[in-house]
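Construct all of the structure, not just a fragment, from the sequences and the given hints.
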Amino acid sequence: MKQLLHRIATAVAAVLFAGSALAQTPAAVPNGTFETWATRSGSEAPQGWIRTDEILLFSPLAPLAPLLVPTGTTTKATVAHGGSFAAQIQNVTKTTPLGSGVLPGVLLLGPRVNPNGNGNIGGGVPYTSRPTRLQFWYKLTGDNALKDSAAVAVGLLKTQGGSTDIVAFDAVLLTPAPNYTLLDIPLTYIKSFAPDTLEMFFTSGLAETITAGTTLTVDDVVLVGTVTATRNPATEAALQIYPNPSTTGEFSLASLGSPALSTAPYTVADVTGRIVVRQAAAAASEARGRLVNLRGQRAGVYLLQLHTPEGPLTRKLVIE
7 MKQLLHRIAT AVAAVLFAGS ALAQTPAAVP NGTFETWATR SGSEAPQGWI
57 RTDEILLFSP LAPLAPLLVP TGTTTKATVA HGGSFAAQIQ NVTKTTPLGS
107 GVLPGVLLLG PRVNPNGNGN IGGGVPYTSR PTRLQFWYKL TGDNALKDSA
157 AVAVGLLKTQ GGSTDIVAFD AVLLTPAPNY TLLDIPLTYI KSFAPDTLEM
207 FFTSGLAETI TAGTTLTVDD VVLVGTVTAT RNPATEAALQ IYPNPSTTGE
257 FSLASLGSPA LSTAPYTVAD VTGRIVVRQA AAAASEARGR LVNLRGQRAG
307 VYLLQLHTPE GPLTRKLVIE
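Adding 6 to a residue's 1-based position in the sequence shown gives its number in this note's numbering.
The hints are simulated quantities; they were obtained by calculation from the structure and are not laboratory data.
Even glycine gets a Cβ: it sits at the ideal position worked out from N, Cα and C.
Treat each hint with caution, since some may be false.
Said to hold, decoys possible - Simulated pairs of lysine-lysine, DSSO-like, Cα-Cα distance not exceeding 30 Å: (1) Lys322 with Lys153; (2) Lys153 with Lys197; (3) Lys153 with Lys164; (4) Lys153 with Lys100; (5) Lys197 with Lys100; (6) Lys82 with Lys153; (7) Lys322 with Lys164.
As the list claims (entries may be wrong) - Computed Cβ-Cβ distance ranges for the label pairs, DEER-style: (8) Leu179 with Thr84: 24 to 32 Å; (9) Asp149 with Gly48: 27 to 35 Å; (10) Asn299 with Glu41: 44 to 52 Å; (11) Pro192 with Thr170: 18 to 26 Å; (12) Ala305 with Thr170: 15 to 23 Å; (13) Tyr248 with Ala286: 17 to 25 Å; (14) Thr45 with Asp190: 32 to 40 Å; (15) Phe64 with Ser291: 26 to 34 Å; (16) Asp149 with Gly302: 28 to 36 Å; (17) Thr187 with Pro117: 23 to 31 Å; (18) Ser291 with Pro117: 52 to 60 Å; (19) Asp149 with Gln246: 43 to 51 Å; (20) Gln53 with Ser106: 26 to 34 Å.
Encoded structure:
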């Protein structure tokens, strides 16, 4: 049962990952202040946000939902950073005929689960702004709060021609904080066009084994700043990466026409935002084939960010 409970949080994480100037204020995050609540599935829920209670219906634990809901994983906190309320997300022990396990708290932005009727966990709201950063205030407490890997993830997406592109994203593992702490997360842009959807989630536990009592309290979630695309498309096209996807974890960067691109300092982050590789600038001679070595990393999606003279250049790397 513990494995099934863990998949609830990791499945939500998978939903989100599949040169700039400041301008006007971007659109607000719906009910990002958590001031509006309504009764749903037998308990109060923040309006416009999906909880573990609803996600359970699209998980392997769906047959047990009547025994698990209300889960108590998301509650209204009256000690808020701003206004009257905040969202409290916590890991809770639940017992069924199959045994006991710890259920992770998950809060997913969106009006309802499975908006496309395709059996997938949905979420997301219409959104066309290009903000530079995600900001929110949080508290994270519990004896094993650090090991439980509470996290936040945000993604801007665009669906066109039957496929969905990630325009920008970021994800961060949260560190314990007994008092309200401001977190400011720069978004990593992959595409230059505007998104049509904003997806975001918070969880009190992504770890394989989590502990009851770990509590994440979130308030005043906002997106700030606006990115305007200024990079030359020819510059974007000058960088070549091969093979991608890679079965070995090794990639080669090349930019014969613009050596400063493939030889620039770079970082590679996993989907949690953790930096797994960091390299200084390379010699110009490596512009014909510079190695990015991710051997030993798990299969999945990684983000390469090159810090070029023209500004950051980001590419998705896939290990199969």
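Against the structure, the hints come out as follows:
Between Lys322 and Lys153 the CA atoms are separated by roughly 28 Å; this keeps the pair inside 30 Å, and the hint holds. For the proposed pair Lys153 and Lys197, the alpha carbon gap of about 33 Å is over 30 Å, so the pair is violated. Annotation: proposed proximity of Lys153 to Lys164 is violated, straight-line Cα distance about 34 Å (limit 30 Å). With a C-alpha separation of about 20 Å, the suggested pair Lys153 and Lys100 falls inside the 30 Å cut-off, and the hint holds.
At most 30 Å may separate the alpha-carbon atoms for a hinted pair to count; Lys197 and Lys100 exceed this at roughly 42 Å. Distance restraint check for Lys82 and Lys153: the Cα-Cα separation of roughly 25 Å lies within the 30 Å cut-off, and the hinted pair is therefore satisfied. With a C-alpha separation of about 16 Å, the suggested pair Lys322 and Lys164 falls inside the 30 Å cut-off, and the hint holds. For Leu179 and Thr84, the hinted distance range of 24 to 32 Å is satisfied, since their beta carbons lie about 27 Å from each other.
Taking the beta carbon of each, Asp149 and Gly48 are about 29 Å apart, inside 27 to 35 Å as hinted. A hinted range of 44 to 52 Å holds for the C-beta pair Asn299 and Glu41, which are about 48 Å apart. Checked against the given bound of 18 to 26 Å, the beta carbons of Pro192 and Thr170, roughly 23 Å apart, stay inside it. One distance hint, 15 to 23 Å for the beta-carbon pair Ala305 and Thr170, holds here, with the actual separation near 21 Å.
A hinted range of 17 to 25 Å holds for the C-beta pair Tyr248 and Ala286, which are about 22 Å apart. Distance hint for Thr45 and Asp190: a CB-CB separation of about 34 Å, consistent with the stated range 32 to 40 Å. For Phe64 and Ser291, the hinted distance range of 26 to 34 Å is not satisfied, since their beta carbons lie about 52 Å from each other. The supplied range of 28 to 36 Å is met by Asp149 and Gly302, whose beta-carbon atoms lie about 31 Å from each other.
Distance hint for Thr187 and Pro117: a CB-CB separation of about 29 Å, consistent with the stated range 23 to 31 Å. Separation of Ser291 from Pro117 is about 54 Å and conforms to the stated range, judged on CB atoms against 52 to 60 Å. Between Asp149 and Gln246 the Cβ separation comes to about 49 Å, which falls inside the hinted range of 43 to 51 Å. The hinted window of 26 to 34 Å between Gln53 and Ser106 holds, with their beta carbons roughly 32 Å apart.
Comparing the model with each earlier hint shows violations of hints 2, 3, 5 and 15; every other hint is respected.
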